[in-house]
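Sequence lines, in order, name chains P and D. Each residue of the first sequence is one higher than the one before, starting from 1 at the first, in the numbering used here. Each residue of the second sequence is one higher than the one before, starting from 1001 at the first, in the numbering used here.
Think of the hints as simulated: they come from the structure by calculation, not from any bench. Watch out, some of these pointers could steer you wrong.
Stated by the list, open to error - If you anchor each label on the Cβ, the simulated ranges turn out as follows:
| id | chain 1 | residue 1 | chain 2 | residue 2 | range |
| --- | --- | --- | --- | --- | --- |
| 1 | D | GLY1202 | P | ASP265 | 54 to 64 Å |
| 2 | P | GLY301 | D | LYS1067 | 28 to 38 Å |
| 3 | D | ARG1252 | P | THR345 | 16 to 26 Å |
| 4 | D | ALA1458 | P | LYS214 | 32 to 42 Å |
| 5 | D | GLY1350 | P | THR272 | 26 to 36 Å |
| 6 | P | HIS125 | D | GLY1016 | 51 to 61 Å |
The beta carbon of each residue, even a glycine, is placed where N, CA and C say it ideally should be.
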Amino acid sequence: MALAFDEFGRPFIILKEQEQKTRLRGLDAQKANIASGKAVARILRTSLGPKGMDKMLQSPDGDVTITNDGATILEQMDVDNQIAKLMVELSRSQDYEIGDGTTGVVVMAGALLEQAEKLLERGIHPIRIAEGYELASRIAFEHLEHIAHKFEFSATNIEPLIQTCMTTLSSKIVNRCKRSLAEIAVKAVLAVADLERKDVNLDLIKVEGKVGGKLEDTELIYGIVVDKDMSHPQMPKQIEDAKIAILTCPFEPPKPKTKHKVDIDTVEKFQTLRQQEQKYFDDMVQKCKDVGATLVICQWGFDDEANHLLMHRNLPAVRWVGGVELELIAIATGGRIVPRFQELTPEKLGRAGLVREKAFGTTKDRMIYIEHCANSRAVTIFIRGGNKMMIEETKRSLHDALCVARNLIRNNSIVYGGGSAEISCSIAVEAAADKYPGVEQYAIRAFADALDAIPMALAENSGLQPIETLSAVKSQQIKENNCCCGIDCNDIGTNDMREQNVFETLIGKQQQILLATQVVKMILKIDDVISPSDY
Amino acid sequence: MAVDKLFKDEATEEKGERARMASFIGAMAIADLVKTTLGPKGMDKILQSTGRGHSVTVTNDGATILKSLHIDNPAAKVLVDISKVQDDEVGDGTTSVVVLAGELLREAEKLVNAKIHPMTIISGYRMAAECSRNALLEKVVDNKLDAEKFKADLMKIAMTTLSSKILSQDKEHFAKLAVDAVMRLKGSTNLEAIQIIKKPGGSLKESFLDEGFILDKKIGVGQPKRIENAKILVANTAMDTDKVKIYGARVRVDSMAKVAEIEVAEKEKMREKVQKIINHGINCFVNRQLIYNFPEELFADAGVLAIEHADFDGIERLALVTGGEIASTFDNPESVKLGHCKLIEEIMIGEDRLIHFSGVELGQACTIVLRGASPHMLDEAERSLHDALCVLSQTVNDSRVLLGGGWPEMVMAKAVDELARKTPGKRSHAIEAFSRALVAIPTTIADNAGLDSAELVAQLRAEHHKEGSTAGIDVISGCVGDMAELGISEAFKVKQAVLLSATEAAEMILRVDEIITCAPRRREDRM
């Protein structure tokens, strides 16, 4: 195959060692690619929606993860197939960009591929399909903007935000207390949001989990929680109006980085060295004390002697605090991270209203709470739950909810959920298809069919008759000219998503359609797969 | 074609019914494994480790059994995990939580086979769990205000917890030990303050609670064996060579004489340090690190009792009891807080000599000395006592109490049954199933005791039909008895945690419809 002949009729090799590589070409390649893309989508399909099921994943080390977050499932699935890897990437980019809808985007891509397969069988060129999809996605994109609602909220009226977060959380295992978690997520985002610039730095929200207790005990702390305890067991467990020195230098004898040796050859030198050492420790503690610090948080360890001196001078301290946490503490308390004792000044101290140590359960788990900070721009969500997997899953769910809240602050347009937006787009695309001359028309129509896949999966997962339900909702949308009709997953009794308060963000939906189309286009354009064969 | 090679080699995927089957079977297997240890007549398990020596553990503590198992089934891991959390959080009920979760899944399997969607089952279970919790909340007794009664409650709880363990022979004795120890904590849940020392020999009955503090160490040679009105300095400092810590320092000399000089200086430094310590006006010095012979001798000369190498926990605890602070520098003796105690003496337990601090300033900490025939026995006794202590300390904080012996399960089952009757739709099947799972616990208790469980549970159910019944299974006499009279109580917090975590775990496993197992990481063969 990959053999060409030069002008003298001698063969030469284009592909090195081609016997050892497997190769798929033309329609076969496209079909194989589509089949594997669909296989991935099929795995995620049952996880979609509020009645979606979870997947249990066992990692190579035997750890168990239970989740229905699309991105997490795909990430941990240990996929080998190249196309499947593309789908994994797709879900990941949705996760990075939007944070929610990671399952939906894969299901969407799977549906597009399925439709493309049918068109390929009818002999339509893949590039034409790709172009048709591109056109259709643009129509859908604009239509979404058209049906989107602006949605008003302010720092005082956060109810709409909570509703949106609840939609996100309702598909997770935590939906038992989605209300309280949604409130926590919204409050957390608002606490760190810059409403002027419409920007949210999610790094300022720390999500910390501890096994034990109930999910209902999950709380939002306006401050930082550090999983550490006081360096000396007898230091006070509670400090009010703390002035915090944040240090990145150890309370240990100096270690110059240049190589050096201190030679001791006389008794005098030995004596002075000893005194210096003592003085050094004393100075360090004195410096902290001099600037008025009442709490020391240090990235490094303490020498035993320094530890006692701190205790002795009534200066509580926390050691081995991680770099990220240190930064958060600095942000929250308005302090500066000080790399050297000499540079410690009163202005560089952080302030917090209350610092306390709290113990959990019967084992000696203690955590330090830093609350009422000068600058409450950093918050912590502290999750409790029955077991480790529950906490991990709650963390992921909360991450989704936080992302949604952030997206709403960035752009306050919403579309209605429950598949209503997809159905509406499908109708619009279908209608637009007829206007296009040429083969693309078929591709555009196929796109409309693919859009139906999401409400269909929703209905299927909720135990409804998928085709019957979908056609009923679709006709209702057209008849009433109401783009808010969707699938009634929770059996509430109305199809109107406005009444059910099920929203999704506009950018989330738009991104889903764009990303899915892009990946599908890419997959369709592949007509030759060369892979090293198994050895 | 390409589809069947979606995953890497050896990764497996199980879907739908098969996945659900796999997780049900795994979870039920685990539940059945620990089932026979439930209740006062539950049996023990022998665990043999695969490590060197094949050490043997005999236990009936659910968490301990499950912790030592090597499990491959992911659903089973979820159950092991909840039992571990139960152990960390409340300390007891580790078996019950697994058995309940297993029963919930067993019932769920039947429902799934009857074509009820897992999500419907979950929502039914949730309603039932909420309803059971409310039923329990209505029935709790809180005796916090009445100190006498509260203590009696604690005593009952301790006896109930211990009755299923190896200590059941002397449960009154140990219950008293545990209650006394926890009462001394005065509401704190810091169980570190209770030290348990195990010494083989003697019988379990000879175990005792010591109000003071016992340190498993020897007194240095030539130092006083008995000190009255001791002033104690608790320290964490190097008493070996006390090297200069400045980095890169080293001794470089050119003659033997200099070496000798430096040696003298070093000794002088140590002598100074010892002098400083003695200047605190102490007569007992406890250090976490080693004390070399030279400083030890100096201490002996000064008539100070020096104890070396006390472990870290020991130091913290000692500081806690004696009210002293842990010191590492000794330059200002006037501001260091010293610990006090009335009497330090060396005591003998069995063959071993221990140091006993009595008449300590803060009465929070105490020591329980366990005696027993063999190390296995002692290990199990320690675990049992630990369970009891955990439960008690949690009860001190949350003083709500329930009756035991299957009573709470019957109360919950009754409430849940009523809820099922009121609920329309398929969920009611799930709610009924929940109540059946609850009844499985008293059934298991009766079965383990070799009683006719079907008969007993039916009788019990009839008893409970009356309002305000206090009936439960009396395993000793083998019939339905009045739990209030028999004095069998359990802590509300434990029951609540069992209920909630078991439901949560069952829910998690039910929601799964696909299991993807990655290929196990290959270990490099180290030949």
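Could you check the structure against the hints above and give me the numbers of any it violates, in ascending order? Those not satisfied are hints 3, 5, 6.
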